[in-house]
Amino acid sequence: MKVKLLYFAVLRDIAGRRDDVVEVPEGTRAADLWQRMRENHQALRDVAQPMTAINESYADADQVLRDGDELAFIPPVAGG
Amino acid sequence: MSYFTNEPIDPAALVRGVMRPSDGAYVLFEGVVRNHNEGKAVESIDYEAYLPMAEKEMAQVVADVRAAFPEVAVAVVHRLGHLVIGDSSIAIVCASPHRAEAFEANRMAIDRIKQTVPIWKKERGPDGEEWVGWQCKHG
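So the protein sequences, as listed, match chains A and B. FYI, the numbering for the first sequence is 0 to 79, going by numbering that gives the first Met the number 0. FYI, the numbering for the second sequence is 0 to 138, going by numbering that gives the first Met the number 0.
These are calculated hints, taken from the structure and not from any lab test. Fair warning: there could be bad hints in the mix.
Have a look at the derived ranges for each label pair, beta carbon to beta carbon [as the list claims (entries may be wrong)]: (1) HIS97(B) - GLN62(A): 35 to 45 angstroms; (2) MET0(B) - ASP18(A): 21 to 31 angstroms; (3) ARG28(A) - PRO7(B): 38 to 48 angstroms; (4) ARG106(B) - ASP59(A): 25 to 35 angstroms; (5) TYR57(A) - VAL14(B): 28 to 38 angstroms; (6) LYS55(B) - ASP66(A): 20 to 30 angstroms; (7) GLU69(A) - GLY23(B): 39 to 49 angstroms; (8) MET18(B) - GLN62(A): 37 to 47 angstroms.
Glycine is no exception: its CB is placed at the ideal position from the N, C-alpha and C atoms.
Kindly generate the complete structure, drawing on both the sequences and the hints.
In structure tokens:
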């Protein structure tokens with residue numbers, strides 16, 4: 000199945016792009032994709048799982064993803 | 000209606016849009032770009048948001064404030080893009096028949112917005128640039 004990953008703020012700088020569509024096996028959780036990002040980017044190696052949004056709502060990182068989901072890792076927010 | 004703008008904020012318009020004849024007070028809060036943060040000089044800030052989600056989260060904050068203070072009318076606008084020293088990044092107006100609720104509601108609104116709405120800022124200064132809240136240094 001396919002999942003869309005969105006990158007914001009510092010994660011966009013690190014990933015070098017705004018989004019990705021990734022092919023993942025059934026049963027993949029958001030946390031698995033964070034693990035993959037940490038493995039792919041040295042700058043994230045020691046960074047704990049940030050808040051996670053699935054389809055524009057905060058979600059548990061252990062939530063199992065579904066085909067077509069839009070996933071975003073939310074770096075520390077700094078509004079106001 | 001959007002809670003976000005790329006243009007300078009007009010607080011007077013925000014007040015006009017929220018005041019009812021029954022209101023005896025309004026509290027206006029503006030967050031302003033300052034020239035320092037955590038001991039470092041700041042020259043400008045770039046704000047960005049995960050827009051569709053940020054609109055929803057902002058609406059949730061407003062709904063929660065209205066639930067906590069039923070007599071209070073709330074208006075919020077957050078600016079995005081490139082801001083310089085002295086620019087307002089956010090304006091919140093809480094109007095109420097009485098002042099106490101307006102003060103409390105405004106404080107609740109800004110505190111909640113800072114906790115939950117997916118907005119980020121990159122500070123730029125003579126020492127480089129940095130995403131606020133991120134432990135690594137970039138740029």
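Are there hints from earlier that the structure breaks, and if so, what are their numbers?
-> When the structure is compared with the hints, none of them turns out to be violated.
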